[in-house]
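Take these sequences, add in the hints, and give me the full structure.
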Amino acid sequence: GAGVSQTPSNKVTEKGKYVELRCDPISGHTALYWYRQSLGQGPEFLIYFQGTGAADDSGLPNDRFFAVRPEGSVSTLKIQRTERGDSAVYLCASSSAAQETQYFGPGTRLLVL
Amino acid sequence: SQKIEQNSEALNIQEGKTATLTCNYTNYSPAYLQWYRQDPGRGPVFLLLIRENEKEKRKERLKVTFDTTLKQSLFHITASQPADSATYLCALLSMDTGRRALTFGSGTRLQVQP
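Protein chains in written order, with our numbering: chain A, 1 to 113; chain B, 1001 to 1114.
These are computed hints drawn from the structure, not numbers from a lab. Note that the structure is predicted; figures quoted are calculated from it, not measured. Be a bit skeptical, because a hint or two may be false.
Restraint ranges, calculated between C-beta atoms of paired labels, are given here [unchecked claim]:
#	chain 1	residue 1	chain 2	residue 2	range
1	B	1079	A	101	18 to 28 Å
2	A	96	B	1056	23 to 33 Å
3	B	1016	A	74	39 to 49 Å
4	A	81	B	1055	44 to 54 Å
5	A	96	B	1060	17 to 27 Å
Take a look, some chain B residues computed to stay more than 10 Å from chain A by CB distance [to be verified]:
#	residue
6	1002
7	1008
8	1018
9	1027
10	1058
11	1059
12	1060
13	1063
14	1082
Facing chain A, a subset of chain B residues (Cβ under 8 Å, in silico) [to be verified]:
#	residue
15	1040
16	1044
17	1102
18	1103
19	1106
A virtual CB, placed ideally from N, CA and C, is assigned to each residue, including glycine.
So this is what it looks like as structure tokens:
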């Protein structure tokens, strides 16, 4: 079956602009996670959804970052007033309620100029 | 402070040998620990999970050990092949953080020479 998909695969934007990153989880997976990965580092947790609600958003670095999952499936990570330090790979992962294995998407590479 | 440490230097080994990667953690009480493989430009791919009450787990050529006294996990690839070349990440879920998301180490790059 289809895995986790993320769009766009690459995004180049200018400092100060607004961006949206989309994640389509594996069908039926109720848990969805967003991570950010900088070069040479492991993924860093941002936010976790269980169903439609954000169960844990303690990893969001500041209030410029926001994520939604209105119907409990697709999720959008939104970054306002982008800064050069936001440049990274943004990874999405999903898991079923009963499993602990997380299935990752290929990531969106965000470059803020 | 809480830390997960993996050897940041690349590990270079000859094809056919056993690769051993190390993951050390401090100030965590992990419920379980996972190992992932990541290829350039790709997301991490799950390999193995080992729980706090398990000492060893195997899957084909892969073996993971977990020592909660030493606060260390070892990841072994036996009969290594050039196709095993990738970055390997350890990640743990710690119940004391109250968080259901994984905390990752920075990964160790493995290069298997033919």
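Now for the hints, and whether the structure bears them out:
The given range of 18 to 28 Å is respected by residue 1079 (chain B) and residue 101 (chain A), whose C-beta atoms sit roughly 25 Å from each other. The supplied range of 23 to 33 Å is met by residue 96 (chain A) and residue 1056 (chain B), whose beta-carbon atoms lie about 26 Å from each other. Roughly 45 Å separates the CB atoms of residue 1016 (chain B) and residue 74 (chain A), a value that falls within the hinted 39 to 49 Å. Distance hint check for residue 81 (chain A) and residue 1055 (chain B): the Cβ-Cβ separation is about 49 Å, which falls inside the suggested range of 44 to 54 Å.
At about 24 Å, the beta-carbon gap between residue 96 (chain A) and residue 1060 (chain B) stays in the expected band of 17 to 27 Å. For residue 1002 (chain B), the condition that its CB be more than 10 Å from all CB atoms of chain A holds, with the nearest at approximately 13 Å. With 10 Å as the threshold on Cβ separation, the claim that residue 1008 (chain B) sits away from chain A is violated: the shortest Cβ distance comes to roughly 8 Å. At roughly 24 Å from the closest C-beta of chain A, the C-beta of residue 1018 (chain B) stays outside 10 Å, upholding its exclusion from the interface.
Non-interface call for residue 1027 (chain B) relative to chain A: holds, since the shortest CB-CB distance, roughly 17 Å, exceeds 10 Å. Separation of residue 1058 (chain B) from chain A is adequate, the least Cβ-Cβ distance of about 17 Å exceeding the 10 Å criterion. The Cβ of residue 1059 (chain B) sits about 13 Å from the closest Cβ of chain A, beyond the 10 Å cut-off, so the non-interface label holds. With a closest Cβ-Cβ approach of about 17 Å to chain A, residue 1060 (chain B) is found to remain outside the 10 Å limit, as its non-interface label requires.
At the 10 Å boundary, the C-beta of residue 1063 (chain B) stays outside the reach of chain A, the nearest C-beta of that chain being 18 Å off. Chain A leaves residue 1082 (chain B) outside its interface by the beta-carbon criterion, the shortest separation being 22 Å against a cut-off of 10 Å. The interface hint given for residue 1040 (chain B) is violated, since its Cβ lies 11 Å from the closest Cβ of chain A, which is over the 8 Å cut-off. For residue 1044 (chain B), the shortest C-beta to C-beta distance to chain A is roughly 5 Å, which falls under 8 Å, so the interface hint holds.
Given the 8 Å rule on beta carbons, the hint for residue 1102 (chain B) holds: about 7 Å separates it from the nearest Cβ of chain A. Nearest Cβ of chain A to the Cβ of residue 1103 (chain B): about 7 Å, under the 8 Å cut. The hint holds. The interface hint given for residue 1106 (chain B) holds, since its Cβ lies 5 Å from the closest Cβ of chain A, which is under the 8 Å cut-off.
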